[in-house]
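Trainee: Below, each chain spelled out in residue letters.
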Amino acid sequence: MAKTNPGRFFEDYSVGQVLHHAVPRTITDGERALYHALYPARHALYSSDEFARNCGLPQSPIDDLAAFHVVFGKTVPDISLNAVANLGYAEGRWLQPVYPGDTLRSESEVIGLKQNSNGKTGVVWVRTRGLNQRDEVVIEYVRWVMVRKSDFDAPAPETLVPELKKSLDVGDLLVPQGLDFSNYDFVQSGEAHRWDAYNTGEMIDHVDGVTVEEAEHMLATRLWQNTAKVHFDLTFRPEGRLIYGGHVISMARALSFNGLANAQMIVGLNGGAHANPYFAGDTIKVWSEVLDKAETGVSGVGALRLRLVATKGGEPFELRNEDGKYLPNVLLDLDYWALMPI
Amino acid sequence: MAKTNPGRFFEDYSVGQVLHHAVPRTITDGERALYHALYPARHALYSSDEFARNCGLPQSPIDDLAAFHVVFGKTVPDISLNAVANLGYAEGRWLQPVYPGDTLRSESEVIGLKQNSNGKTGVVWVRTRGLNQRDEVVIEYVRWVMVRKSDFDAPAPETLVPELKKSLDVGDLLVPQGLDFSNYDFVQSGEAHRWDAYNTGEMIDHVDGVTVEEAEHMLATRLWQNTAKVHFDLTFRPEGRLIYGGHVISMARALSFNGLANAQMIVGLNGGAHANPYFAGDTIKVWSEVLDKAETGVSGVGALRLRLVATKGGEPFELRNEDGKYLPNVLLDLDYWALMPI
Amino acid sequence: MAKTNPGRFFEDYSVGQVLHHAVPRTITDGERALYHALYPARHALYSSDEFARNCGLPQSPIDDLAAFHVVFGKTVPDISLNAVANLGYAEGRWLQPVYPGDTLRSESEVIGLKQNSNGKTGVVWVRTRGLNQRDEVVIEYVRWVMVRKSDFDAPAPETLVPELKKSLDVGDLLVPQGLDFSNYDFVQSGEAHRWDAYNTGEMIDHVDGVTVEEAEHMLATRLWQNTAKVHFDLTFRPEGRLIYGGHVISMARALSFNGLANAQMIVGLNGGAHANPYFAGDTIKVWSEVLDKAETGVSGVGALRLRLVATKGGEPFELRNEDGKYLPNVLLDLDYWALMPI
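Chains as they are written, first to last, in my numbering: chain A, 1 to 342; chain H, 1 to 342; chain U, 1 to 342.
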């Protein structure tokens, strides 16, 4: 009975190692429709082929976060099956849109290792790339996780902590080829606010909330072929199935439409923390803060650096207590770049 | 924090005003499949491309009610965000089938206004049109809602109550171009009953029932990009998330297959009342009454005017108590025209 | 009120009778995506068009079990509406892959009848065929059910118990035209184990488990247009909605990925028993036993005969108690043939 994958342990990783993750996936209009059923997603570029063509794209792409989830889901059996904690993200970039019919696969390179002083766990840094059927990288990001050792006697690897940018510069961001907001329809997009209208430091309460059900987060997580037990098996976690962190990211992003309807494309992920676990029955509410803004160099296309915070039940606009710890109601603290018509 | 849409209040509407609703939506095979997962829909014309071609259409259209929900969902942020009640529908017409790949948008014209005597609310009548990517109207209907005033001192508008037909005449109905029932396959459609077999006044108990779950109605309502809080946010409505009225319409229509399998296309909506709110855990059962029948002028295509009643748990075939009020178990009272082979 | 289908009773069947089942169904990328949301399906051939092309197929087919459910669902109103029990399956064969765009219909021939000694029920054997839009048989299987009599005085038919194979021979199996595993990618498929690596008698514990929700099994069952009341109507079964047996088959097959990732295509169904009913809230876990292995005659393509057992909560590797009865935690005992690269 040894044909199943036990997952990798800390001692199984070495710097420079490249892991080719199974299983490739063709994404279609079906995944696109499901994304709209699972999340209150209304950004027009991802809702209408006509709107997308009017913005210079061949058709409406798959939601940037759906593409991210597909790429991420593949890494779970190789990276986080024996993970104790998902510690962070950095240097995430969307390098080109994913369209229905594209087939994605993922690979990760180990770029850092650090055994913990307890000798029982260690931190693994990987740079993951999602590639399409033409071997073009469509997404890349760094993620680090704490992983158990299986053999406590295995020698500690040489410590290598990669240097990662706190935030991508606007020059690191890729504006999709052909993107053109000169005919952008602010009536059909749902809001009149251009890039000009947003100021660094501005806060936006997105008002809407969604109470999450077990069936929904499991449908979503399976759709991305992320099959980690903790999300599905109540006998494994009798205190409650943990909801996949990506579910709250997508829910939060979709809920941010109301106030950020023109923050159309996600092109950079600077960092993110799943501040507290969340469970079915919790109600997700969302606020945003404008962290920075920049011109992209492409005429008419601005970039907004946004903090996206999901809370349980809509707590006040604070993240941390006086000790610097996340408040118990904070679920997600995400830092990303989006493109917006100037 | 003022970038979110507060919705319109009664004093914000004026007769003749045209509202262009966001967000356009491309409908695909994905939405089609989801419709079949969400509702026990079995009408053959909407299930099989082969069956549809055999009836003169290029392929199987998107369910008429799915198209309606897409058009309707867009109007919510502009029409019913501050609505106290959805009062009625009239003069609904399906003007051409919607196919996978079509992109729909919606616009509404204010056709009536009447401030209530309390000075705090008023009734707004709108005629909504759904248009496709070729700017062809695919659906139109009148809807009226009671909306709150924000500024009680705002002057009352001149009262205009539009004259609306109690029921569409058969001459108002459009038979889709090319529709031809001469090769209609009564074995594959599931029932042998033609238009001839139905008599005005006839009642049909559709037998089947479905107990509704929270996850299902939220998936459905989101799919139509209807994001009204009352359907999703339990902290906003601790007594229970209200199920979108369109969910019971689609459930009821699908459940009416058993006895009306050949009532293939919905072409007219004469009126409809959401008689009582309903909630997850309720079991929907359905009965129909034949209100009228007419020939359409297209050879072989008859029209049946049907009352479709959804009840909680399958109450007897009555609608109202002695005071004329809907019985507490009645959820939906819908009056529509469908096309059927003669 | 007699327009609804009361279903067939035992006395309504006669040997040789052919039943043409409604409603035909076009299967698309939408159904494909939903299958991946409903089940943790990861077999690469059904996940990636690129992987499928690399195996000689034109694109990724619809999951074999999804095709089975579509064919099966159509038979319910004609075969099992008044069934007391679903007794067994035999001689199931997948004769060609189903692709997005294909339209399926079903027909069944009555091949056996046996009235029970109580005079109130009888057993009906049917051979069901699923056909595509080119009238090619894509699936066939034998199923037998115990059906109520409506008229106890109706004479018993002549008893005919068909001879059915306990198991299909490898020669009965059809390898899809063009299937070629010579470029099979064992990295992208998720496991390195070839046909060679499996031995008759070997047991595999698939480790993963899923706790099932009401919304999920109803979405799935409706998607296949199986509308049997017991699955949907809590007022009809206040003790709990029975989950469609096919839901546990698909869940079990998907969960068997971990350890059988290269058992790509299901081509034969030798038999199957739904050992105990199951309900939302139950957690499905799965184990497999290799019953037999054979070469198919097609170069590089081996066949594995597998027993797939789903249990509630992951009971030990036993099926039956000392009286030969299924243990109470056993949900499914399925015997099938799958194709695997040699």
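Fair warning: there could be bad hints in the mix.
[What the hints assert, rightly or not] Listing some non-contacts, in silico: residues in chain A with all C-beta distances to chain U over 12 angstroms: (1) Leu38; (2) Thr200; (3) Asn226; (4) Arg307.
[Claimed, not checked] Derived CB-CB ranges, DEER-like: (5) U:Arg194 with H:Glu239: 38 to 48 angstroms; (6) U:Ser182 with A:Ala294: 44 to 54 angstroms; (7) A:Gly56 with H:Thr235: 52 to 62 angstroms; (8) U:Pro162 with A:Arg53: 56 to 66 angstroms; (9) A:Ser299 with H:Gly16: 54 to 64 angstroms; (10) H:Gly313 with U:Gly281: 37 to 47 angstroms; (11) H:Gly16 with U:Glu239: 53 to 63 angstroms; (12) U:Gly281 with H:Asp153: 37 to 47 angstroms; (13) H:Asp153 with A:Arg194: 26 to 36 angstroms; (14) H:Glu239 with U:Glu239: 39 to 49 angstroms.
[What the hints assert, rightly or not] Straight-line C-alpha distance at most 27 angstroms; calculated DSSO-like pairs for lysine-lysine: (15) A:Lys3 with A:Lys166; (16) U:Lys114 with U:Lys149; (17) U:Lys325 with U:Lys166; (18) H:Lys293 with H:Lys114; (19) U:Lys293 with U:Lys114; (20) U:Lys293 with A:Lys3; (21) H:Lys229 with A:Lys293; (22) A:Lys114 with A:Lys165; (23) U:Lys3 with H:Lys293.
To be clear, the hints were calculated from the coordinates, so they are not data collected in a lab. Note that the Cβ used here is the ideal one computed from N, Cα and C, for glycine as well.
Trainee: State for each hint whether it applies.
Mentor: Status of each hint after checking the structure:
At the 12 angstroms boundary, the C-beta of Leu38 (chain A) falls inside the reach of chain U, the nearest C-beta of that chain being 8 angstroms off. Non-interface status of Thr200 (chain A) relative to chain U is upheld: no Cβ of that chain comes within 12 angstroms, the nearest being about 39 angstroms off. Not every CB of chain U is more than 12 angstroms from the CB of Asn226 (chain A) (nearest about 9 angstroms), against its label as outside the interface. Non-interface call for Arg307 (chain A) relative to chain U: holds, since the shortest CB-CB distance, roughly 30 angstroms, exceeds 12 angstroms.
The hinted range of 38 to 48 angstroms is not satisfied by Arg194 (chain U) and Glu239 (chain H), whose Cβ atoms lie roughly 59 angstroms apart. Between Ser182 (chain U) and Ala294 (chain A) the Cβ separation comes to about 51 angstroms, which falls inside the hinted range of 44 to 54 angstroms. Distance hint check: the CB atoms of Gly56 (chain A) and Thr235 (chain H) are about 41 angstroms apart, inconsistent with the given range 52 to 62 angstroms. Separation of Pro162 (chain U) from Arg53 (chain A) is about 58 angstroms and conforms to the stated range, judged on CB atoms against 56 to 66 angstroms.
Ser299 (chain A) and Gly16 (chain H) have their C-beta atoms about 38 angstroms apart, which leaves the hinted 54 to 64 angstroms range violated. With their beta carbons about 23 angstroms apart, Gly313 (chain H) and Gly281 (chain U) fall outside the hinted range of 37 to 47 angstroms. Distance hint check for Gly16 (chain H) and Glu239 (chain U): the Cβ-Cβ separation is about 58 angstroms, which falls inside the suggested range of 53 to 63 angstroms. Separated by about 55 angstroms at the C-beta atoms, Gly281 (chain U) and Asp153 (chain H) break the suggested range of 37 to 47 angstroms.
For Asp153 (chain H) and Arg194 (chain A), the hinted distance range of 26 to 36 angstroms is satisfied, since their beta carbons lie about 33 angstroms from each other. Separation of Glu239 (chain H) from Glu239 (chain U) is about 28 angstroms and departs from the stated range, judged on CB atoms against 39 to 49 angstroms. Of the supplied pair hints, the one linking Lys3 (chain A) and Lys166 (chain A) is violated, its CA atoms being roughly 41 angstroms apart against a limit of 27 angstroms. With a CA separation close to 12 angstroms, the supplied pair Lys114 (chain U) and Lys149 (chain U) stays within the 27 angstroms bound.
Taken as a hint, the Lys325 (chain U) and Lys166 (chain U) pair is honoured in the structure, with Cα atoms around 19 angstroms apart against an allowance of 27 angstroms. For the proposed pair Lys293 (chain H) and Lys114 (chain H), the alpha carbon gap of about 35 angstroms is over 27 angstroms, so the pair is violated. Distance check on the hinted pair: Lys293 (chain U) and Lys114 (chain U) sit about 35 angstroms apart at the alpha-carbon level, beyond 27 angstroms; violated. For the suggested pair Lys293 (chain U) and Lys3 (chain A), the alpha carbons sit about 17 angstroms apart, so the restraint of at most 27 angstroms is met.
A C-alpha spacing of about 31 angstroms is found between Lys229 (chain H) and Lys293 (chain A), which places the hinted pair above 27 angstroms, so the restraint is violated. The straight-line distance between the Cα atoms of Lys114 (chain A) and Lys165 (chain A) is roughly 19 angstroms, inside the 27 angstroms bound, and the hint therefore holds. Between the alpha carbons of Lys3 (chain U) and Lys293 (chain H) the distance comes to roughly 17 angstroms, so the proposed pair stays at or under 27 angstroms and holds.
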